[in-house]
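Residue numbers (the numbering used here), protein chains in the order written: chain C, 1 to 465; chain P, 1 to 465; chain F, 1 to 465; chain G, 1 to 465.
Just so you know, these hints were derived from the structure itself, not from any lab.
Since this is a predicted model, take the numbers as computed values, not measurements.
Take the hints with a grain of salt, since some may be wrong.
All copies of an identical chain are treated as equivalent in the list; a pair is satisfied when it fits inside any one copy or across any two copies.
[Stated by the list, open to error] Each computed DSSO-like pair below joins lysine-lysine, with the alpha-carbon atoms no more than 30 Å apart:
id, residue 1, residue 2
1, 239, 439
2, 339, 370
3, 5, 454
4, 339, 316
5, 316, 5
6, 370, 284
7, 239, 5
8, 5, 339
9, 5, 439
10, 454, 239
11, 5, 284
12, 233, 316
13, 239, 316
14, 5, 370
4 protein chains.
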Amino acid sequence: MTTDKPHEECGVIGIFAPAEEAASMAYFGLHALQHRGQEAAGIAVADGRIIRDHKGLGLVSQVFNQGNLSPLTGHLAIGHTRYSTSGSSSLRNAQPFLVDTQFGPLAIAHNGNIANAAQLRSEILQRGIGLPTSSDSGIMLMALAGARGDTWEERLQTVMGAWQGAYSLVLLTQDKVLAVRDPWGFRPLSLGHLPNGGFAVASESGALQTLGCHHIREIAPGEIVTLDAHGLKSCQGLKPAQPLARCTFEHIYFSRPDSVWDELSVHHVRQRLGEELWQETQLKGDVVIPVPDSAIPAAIGFSRVSHIPHNDGFIKNRYIGRTFIQPTDTLRRQGVKLKFNALPDNLRDKRVIVIDDSIVRGNTSGPLVKLLRQAGALEVHLAITCPPIAHPCYMGVDMGTYDELIAHRMTIEQTREHIGCDSLHYLSVEGVMRAIGRKEGYCNACFTGVYPFKINTQHTKTGFE
Amino acid sequence: MTTDKPHEECGVIGIFAPAEEAASMAYFGLHALQHRGQEAAGIAVADGRIIRDHKGLGLVSQVFNQGNLSPLTGHLAIGHTRYSTSGSSSLRNAQPFLVDTQFGPLAIAHNGNIANAAQLRSEILQRGIGLPTSSDSGIMLMALAGARGDTWEERLQTVMGAWQGAYSLVLLTQDKVLAVRDPWGFRPLSLGHLPNGGFAVASESGALQTLGCHHIREIAPGEIVTLDAHGLKSCQGLKPAQPLARCTFEHIYFSRPDSVWDELSVHHVRQRLGEELWQETQLKGDVVIPVPDSAIPAAIGFSRVSHIPHNDGFIKNRYIGRTFIQPTDTLRRQGVKLKFNALPDNLRDKRVIVIDDSIVRGNTSGPLVKLLRQAGALEVHLAITCPPIAHPCYMGVDMGTYDELIAHRMTIEQTREHIGCDSLHYLSVEGVMRAIGRKEGYCNACFTGVYPFKINTQHTKTGFE
Amino acid sequence: MTTDKPHEECGVIGIFAPAEEAASMAYFGLHALQHRGQEAAGIAVADGRIIRDHKGLGLVSQVFNQGNLSPLTGHLAIGHTRYSTSGSSSLRNAQPFLVDTQFGPLAIAHNGNIANAAQLRSEILQRGIGLPTSSDSGIMLMALAGARGDTWEERLQTVMGAWQGAYSLVLLTQDKVLAVRDPWGFRPLSLGHLPNGGFAVASESGALQTLGCHHIREIAPGEIVTLDAHGLKSCQGLKPAQPLARCTFEHIYFSRPDSVWDELSVHHVRQRLGEELWQETQLKGDVVIPVPDSAIPAAIGFSRVSHIPHNDGFIKNRYIGRTFIQPTDTLRRQGVKLKFNALPDNLRDKRVIVIDDSIVRGNTSGPLVKLLRQAGALEVHLAITCPPIAHPCYMGVDMGTYDELIAHRMTIEQTREHIGCDSLHYLSVEGVMRAIGRKEGYCNACFTGVYPFKINTQHTKTGFE
Amino acid sequence: MTTDKPHEECGVIGIFAPAEEAASMAYFGLHALQHRGQEAAGIAVADGRIIRDHKGLGLVSQVFNQGNLSPLTGHLAIGHTRYSTSGSSSLRNAQPFLVDTQFGPLAIAHNGNIANAAQLRSEILQRGIGLPTSSDSGIMLMALAGARGDTWEERLQTVMGAWQGAYSLVLLTQDKVLAVRDPWGFRPLSLGHLPNGGFAVASESGALQTLGCHHIREIAPGEIVTLDAHGLKSCQGLKPAQPLARCTFEHIYFSRPDSVWDELSVHHVRQRLGEELWQETQLKGDVVIPVPDSAIPAAIGFSRVSHIPHNDGFIKNRYIGRTFIQPTDTLRRQGVKLKFNALPDNLRDKRVIVIDDSIVRGNTSGPLVKLLRQAGALEVHLAITCPPIAHPCYMGVDMGTYDELIAHRMTIEQTREHIGCDSLHYLSVEGVMRAIGRKEGYCNACFTGVYPFKINTQHTKTGFE
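Take the sequences, apply the hints, and build the full model.
Structure below.
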């Protein structure tokens with residue numbers, strides 16, 4: 001399905017479970033992170049001696065079955081769901097990625113993107129090393145395999161300084177799980193206590209909630225957390241950046257609404273985004289409808305402060321998502337529409353305010369507007385809970401290139417005309433930050449073009465797919 | 001996944017498409033009917049000469065791929081998604097079901113349940129016929145294969161009188177699609193014009209909307225509609241029953257909210273159910289939350305008339321549905337919960353009114369209430385948009401047996417205690433009918449025990465699985 | 001893989017095993033019958049009460065796994081491997097085929113072909129019955145479902161008279177297995193005692209040997225054998241035909257060499273065919289080579305009486321058989337040859353006598369001859385262990401139509417030229433019968449055109465695939 | 001299926017095909033090498049710019065389909081079939097193995113075993129490199145990725161000196177295929193001209209014959225052959241060892257009979273082994289039978305010089321090989337035998353001489369002898385076409401450990417008693433060399449314990465599976 005959303009690269013999870021069901025817990029936890037990556041999934045487990053793994057292309061429920069999950073015995077596990085941004089989408093780049101090193105076996109699962117990966121890759125190749133994957137994970141593993149230090153924590157401290165970019169990592173050794181977050185804090189990573197005395201880390205607190213965790217907190221920017229039979233240990237790998245650069249889009253779109261990001265309920269922030277959107281636009285209309293599912297909380301918030309009634313205007317076809325068969329052009333022209341149906345009773349003769357979370361390439365809003373007009377809407381006003389996305393992300397979010405971004409190619413008025421709505425409104429960066437309730441500490445580079453550090457955009461490609 | 005919902009038996013679709021993409025249209029249309037049956041799917045096509053088919057166990061997207069869809073060439077198609085109520089869930093009972101007859105090949109796809117099937121089955125066996133399936137479809141096909149009449153319409157008229165129960169059928173012959181509905185009108189079946197000059201019938205108008213249909217109307221109770229190269233033809237197979245007996249649960253739970261049932265928007269009726277629920281209960285609280293997804297419109301309606309703010313309280317894990325691996329008891333006890341997470345920020349210290357559409361066996365409401373309390377809810381009041389379900393359905397809905405129905409075994413107060421909520425409320429039958437806006441014409445037997453005709457509950461089982 | 005061999009339609013097996021591992025025994029036995037049909041496989045089991053089944057397209061090892069074999073519990077089983085002659089090759093026609101009847105459930109597995117099926121089919125359709133399969137099995141089941149008689153044996157006796165053609169059947173009811181053979185004895189069916197007190201029937205004694213059976217005997221032409229908890233019972237369904245019409249090709253090609261057919265070792269008969277072939281041809285040469293695997297015993301026999309040394313001349317690529325990817329024409333023209341390599345050391349500068357069992361369409365012998373010449377053979381003499389096949393088979397062997405049979409279209413000299421060998425020799429019908437050691441009792445219609453009864457070659461096709 | 005044979009580790013193939021069907025040719029060629037490894041298969045292709053690959057667990061026909069073969073476009077390809085000796089049997093160790101290096105992408109497919117791999121592995125880990133596979137291939141690739149030299153040929157020359165053991169390699173870069181053989185010449189590797197102007201290399205000449213190659217020759221021990229758009233180039237990587245150490249077992253068992261090894265027809269050598277076996281044993285009997293398929297040529301040779309008639313005594317069940325379901329002990333005890341049936345007619349009341357190629361663990365000969373006796377054999381004399389295997393192989397053949405080898409644990413008389421035959425005979429080393437017709441140049445270490453160089457048997461294990 002083509003969607004016009006930014007794509008998150010990955011979800012990661014790590015488990016230390018005294019009762020030995022680590023792989024099983026990782027499996028269920030990964031379901032709660034499936035929205036962060038649906039192209040590949042994998043789990044690696046350690047039993048104190050040996051690391052075993054299984055990974056494959058597809059959804060978690062497609063990759064794993066009782067037959068391949070059962071042999072993954074051990075009390076330590078890491079897992080990964082992948083959406084491919086850098087690195088092509090083959091099985092080769094599925095994670096966790098596992099190597100043998102002079103210090104023993106080491107597996108990695110990574111969410112983020114190393115902005116200076118091309119340079120680091122080139123340095124590793126120059127050292128006479130062969131890299132078996134095109135993803136950043138291989139670079140990180142090779143750096144660690146050759147790092148100085150008596151412990152993995154020390155080795156991490158040695159190499160983290162060279163990694164410029166976003167990385168929320170979980171590492172697995174024979175007898176421990178390590179969780180690491182870059183000093184800018186780009187991507188989320190949370191830690192919780194399992195009810196039975198173990199620990200779990202996951203890209204989102206929502207996954208920890210699914211596992212029944214309590215005492216959930218963020219892994220701090222730059223922090224290294226170690227989980228093993230001795231319990232929980234923490235040290236700082238690098239000092240946190242000043243200021244931090246949390247990804248604003250986790251609030252706007254990526255994270256589950258039941259997750260906590262920067263100690264804030266994502267659902268709550270989204271409602272606030274809807275409130276701010278009305279404050280800025282003062283839009284008038286007869287009904288507020290969300291584009292489901294992500295814009296639902298914002299529509300509730302918009303309705304609450306505007307006193308314009310909130311209702312459903314679109315019904316999402318939940319089963320169309322995984323088909324690999326696409327309608328022919330003929331069928332499409334005839335009006336076969338797979339993703340949404342409109343609800344004429346709620347739209348007819350109404351001035352409709354549609355809340356959506358973002359416009360990236362701008363190719364799906366037009367058909368939605370048309371659907372509303374066919375259903376009898378008198379006016380269609382499209383209000384977006386973030387500013388125009390005018391710059392690519394180099395931190396692991398697939399926004400597209402400059403050429404693909406509609407906000408780079410068109411003015412807002414041109415965009416409105418392209419989409420065919422009566423008016424088009426974006427929330428300002430200031431409005432977004434007011435909704436979050438923070439003054440700084442967020443990366444808004446995709447809106448502003450101001451990156452947290454200098455980006456070298458020249459990439460060297462690997463020679464294989 | 002165990003859920004405590006009534007289960008619909010099937011979805012059916014039929015296509016006459018001059019441009020020969022009938023199978024492809026059936027395929028996309030079945031996605032929009034996937035919620036009506038997820039155990040098996042199938043499509044049969046005719047090209048004027050030969051009928052070909054493919055069917056299998058699983059979701060539409062799992063059963064079909066380009067390789068098995070492409071050979072299904074022809075301008076006529078019928079399709080089916082199956083949830084098994086009668087007949088066991090093997091491939092043998094997947095539909096469409098296809099036989100050769102003295103009048104040529106005939107395929108059938110059926111939604112409903114023939115209440116006197118056991119007797120009809122026995123009569124067919126006594127005629128010396130072997131029945132290759134345990135489902136009603138075989139009975140109907142054998143009746144038609146031996147019926148008097150010069151046309152399929154005449155043969156249908158001959159045999160329909162003997163079929164007591166619910167049947168929304170599509171039939172496929174070498175050169176036409178026939179759509180038939182029982183005279184009580186138990187289950188829905190709608191007809192629409194395809195943009196390119198063809199026609200489509202489907203269990204729900206939402207599927208017709210997905211295919212781009214216009215001029216959508218219901219197939220009338222007792223009506224036989226024929227689609228072929230000569231266009232559309234209609235005749236009455238049996239006179240409509242007086243009164244009709246439409247299934248109330250299509251409004252309450254089964255149908256897509258974007259479908260129309262009895263010329264009423266299902267989404268609108270659900271909002272009205274929420275409104276009537278407040279009118280009857282006059283409940284007080286701080287927030288109204290739905291159990292997603294089906295209770296969302298009712299919660300909006302409840303909030304609108306009660307002026308109690310509506311918000312999300314649960315987040316549904318959309319990816320857990322299709323896993324065949326279940327958590328061990330150990331993991332379950334530790335708190336692994338796969339289906340819903342609660343949103344503490346929206347619940348903490350609040351008197352929470354939870355809107356749900358039905359309670360059947362009563363085994364899933366308790367855990368939901370517990371989840372809300374753990375998230376800090378002060379009080380939990382559970383309000384259901386229909387009356388207690390105290391009687392089984394014999395018309396194709398899997399409500400469970402008398403012994404399984406909690407409303408048959410317990411009083412409302414006992415049920416409340418079992419679930420652990422502070423109060424428990426059901427909408428009255430009268431409230432339901434007020435919400436729909438009709439005085440009669442609906443089957444409410446699962447609430448009242450008053451069936452549209454006498455039910456003989458003694459079944460003869462088939463000797464195979 | 002294209003081969004130029006007649007194709008056998010099916011293998012059947014039936015088990016009564018007191019220790020309840022009937023499905024498992026059927027599974028292993030079907031492997032020994034895999035050569036008789038590789039398109040579909042299936043097993044049905046009964047436990048005294050219920051019949052369960054599983055079937056699918058592909059080899060036995062592909063259709064079954066522990067997951068679908070384990071639920072097939074019971075002490076009675078029948079199984080089938082299918083090659084499609086009549087009926088198209090879809091899952092619909094996979095066997096065992098199972099129906100519910102007035103007398104209880106009944107499953108069938110069939111090897112053979114009913115020559116008057118079209119007429120029987122038409123009669124059944126006229127009775128107002130829908131036939132769900134295009135194979136003969138449905139016809140037989142419907143006949144039995146409506147037959148007079150108090151027992152299945154009586155019902156068989158009632159209907160067998162109408163079945164003109166080849167049928168080696170196994171039937172499964174709730175509590176017994178029945179094995180039936182047509183009165184002509186066209187196709188084999190043997191019975192053996194299992195070591196643990198049970199019984200097994202199978203298309204070939206080789207499969208019974210695999211299961212460890214002893215006291216193996218043929219089911220007699222026209223005999224009905226019943227296996228159940230009361231042991232073994234036999235009655236005659238029809239009197240044996242005079243003379244019998246055993247298929248000569250079971251000796252020549254179909255049966256495993258370790259099977260016994262007409263109380264004769266097939267391996268031994270094949271050696272004798274080689275001996276007779278030399279007696280008739282008195283061929284001279286330097287080496288005798290077989291086309292592997294089926295002609296190996298004949299080459300041994302030919303060598304023994306001719307005193308011409310026997311050696312391997314071709315090596316068969318055993319792994320190419322199941323690939324669905326075929327070489328492009330370009331690759332083929334370049335010389336990619338998948339099935340056989342020649343052994344130049346054994347062929348160079350030699351007059352080579354090649355023994356093969358049959359020529360049907362005549363399209364694969366030419367490339368073999370060319371291979372031998374490229375490997376340095378001085379002369380290539382092709383000797384066939386049967387007469388020219390000039391007439392189709394209506395008893396379940398896919399020989400092809402008259403137009404396809406090279407012996408119908410060409411003289412022997414034209415065929416020799418087409419193939420490109422130095423001389424071409426066929427064994428005479430008399431030579432074949434001498435090798436077998438019988439004067440009569442065999443069907444040689446494919447050589448002589450003299451069928452055991454009048455054949456009506458007009459077929460009515462079913463209207464589905 | 002358990003068999004008592006030594007296991008070959010791998011088959012490799014390399015293609016330079018001007019017409020761009022390189023992957024397709026590799027695919028068909030791998031079928032002809034399937035006997036050398038059935039656990040995994042893979043193909044990598046290059047188009048002058050990029051390398052693409054696909055690999056998986058299972059047979060070549062299971063791993064590849066049109067869908068994953070079609071995207072492998074390019075005129076250069078390498079392929080691999082794997083049986084795991086060193087390295088566990090997971091997908092991680094499937095080949096070709098592919099890395100990016102400072103010199104561009106490089107893929108490898110390897111047959112053989114590096115005897116000093118543990119030491120080399122340890123050196124690489126100490127260099128701070130992470131090794132993603134436990135097989136030798138990763139070691140070789142990392143050595144090459146860090147090697148000095150301006151061309152891959154020079155880099156190979158730099159590193160080959162450190163590799164002590166067996167390696168027949170094919171390497172793939174962006175624009176060439178390289179084929180390399182160790183200086184001892186342990187494992188075969190042949191080169192042929194494709195009819196269309198390209199070249200192919202393969203583990204066995206039989207695979208080249210399948211592809212239609214002519215002018216076939218061995219890659220010389222120590223030779224590096226380069227295939228690319230400029231044609232064929234050869235240089236010496238290392239001087240050939242004095243003496244060479246070709247694997248005797250390629251003649252005895254591994255190679256296809258239609259392959260050439262050391263310029264000798266394998267089929268011819270096997271016949272000669274049979275002849276020498278009779279010369280040494282002067283055995284008397286009534287019939288000579290082979291254990292199929294590998295001992296067939298030896299039985300022919302034995303018969304030819306002994307004038308004892310040769311015949312089939314066992315029929316192999318060709319379809320049982322790939323089932324993953326094994327008979328229960330109960331079934332086994334009852335006599336279910338899956339692999340061979342005996343032919344009583346050829347054995348009854350006869351003194352039977354059975355020819356087999358080797359005894360490794362000694363667990364399958366006993367049941368075969370028993371089968372012959374049950375079929376009526378008067379005496380059973382077992383004659384083996386090689387000496388007792390008393391020492392493990394460190395060059396890539398899985399013979400088992402000292403403890404597993406029956407010839408290490410028992411005398412010949414004890415072995416005979418264990419097997420239950422009347423007499424047991426092994427061909428002497430001298431007899432084997434006479435049959436081959438060479439005085440030296442072969443490795444007979446598994447018989448003699450004399451290895452071509454000192455073996456360090458202490459292994460370091462990797463920490464993952």
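Taking the hints in turn, this is what the structure says about them:
1. In the homo-oligomer, the alpha carbons of residue 239 and residue 439 lie at most 30 Å apart inside one protomer (21 Å), although the nearest pairing across protomers, at 71 Å, exceeds that limit.
2. In the homo-oligomer, the alpha carbons of residue 339 and residue 370 lie at most 30 Å apart inside one protomer (14 Å), although the nearest pairing across protomers, at 34 Å, exceeds that limit.
3. In this homomeric assembly, residue 5 and residue 454 come within 30 Å of each other (Cα to Cα) only inside a single copy, at 26 Å, whereas the closest approach across copies is 55 Å.
4. Taking CA atoms no more than 30 Å apart as the test, residue 339 paired with residue 316 passes in both settings, with 6 Å inside one copy and 19 Å between copies.
5. Within a single copy, residue 316 and residue 5 get their C-alpha atoms as close as 16 Å, and across copies as close as 20 Å, so both meet the 30 Å cut-off.
6. For the identical chains of this complex, residue 370 and residue 284 are intra-copy neighbours only, at 20 Å inside a copy versus 40 Å across copies, given an alpha-carbon limit of 30 Å.
7. With identical chains, the CA atoms of residue 239 and residue 5 are never at most 30 Å apart, being 33 Å at best within one copy and 52 Å at best between copies.
8. Proximity of residue 5 and residue 339 under a CA criterion of 30 Å is satisfied in both settings, with 14 Å inside one chain copy and 25 Å between copies.
9. Taking the shortest Cα distances, residue 5 and residue 439 sit within 30 Å of each other inside one copy (26 Å), while across copies they are farther apart (47 Å).
10. In this assembly of identical chains, the alpha carbons of residue 454 and residue 239 lie at most 30 Å apart only when taken from the same copy (19 Å versus 54 Å across copies).
11. For the identical chains of this complex, residue 5 and residue 284 are intra-copy neighbours only, at 27 Å inside a copy versus 40 Å across copies, given an alpha-carbon limit of 30 Å.
12. In the homo-oligomer, the alpha carbons of residue 233 and residue 316 never lie at most 30 Å apart, since the shortest distance is 45 Å inside one protomer and 33 Å across protomers.
13. Within a single copy, residue 239 and residue 316 get their C-alpha atoms no closer than 45 Å, and across copies no closer than 37 Å, so neither meets the 30 Å cut-off.
14. For a Cα distance limit of 30 Å, the shortest separation of residue 5 from residue 370 inside one copy, 19 Å, qualifies, whereas the shortest one across copies, 35 Å, does not.
This entry does not satisfy hints 7, 12 and 13, going by the numbered hints stated previously.
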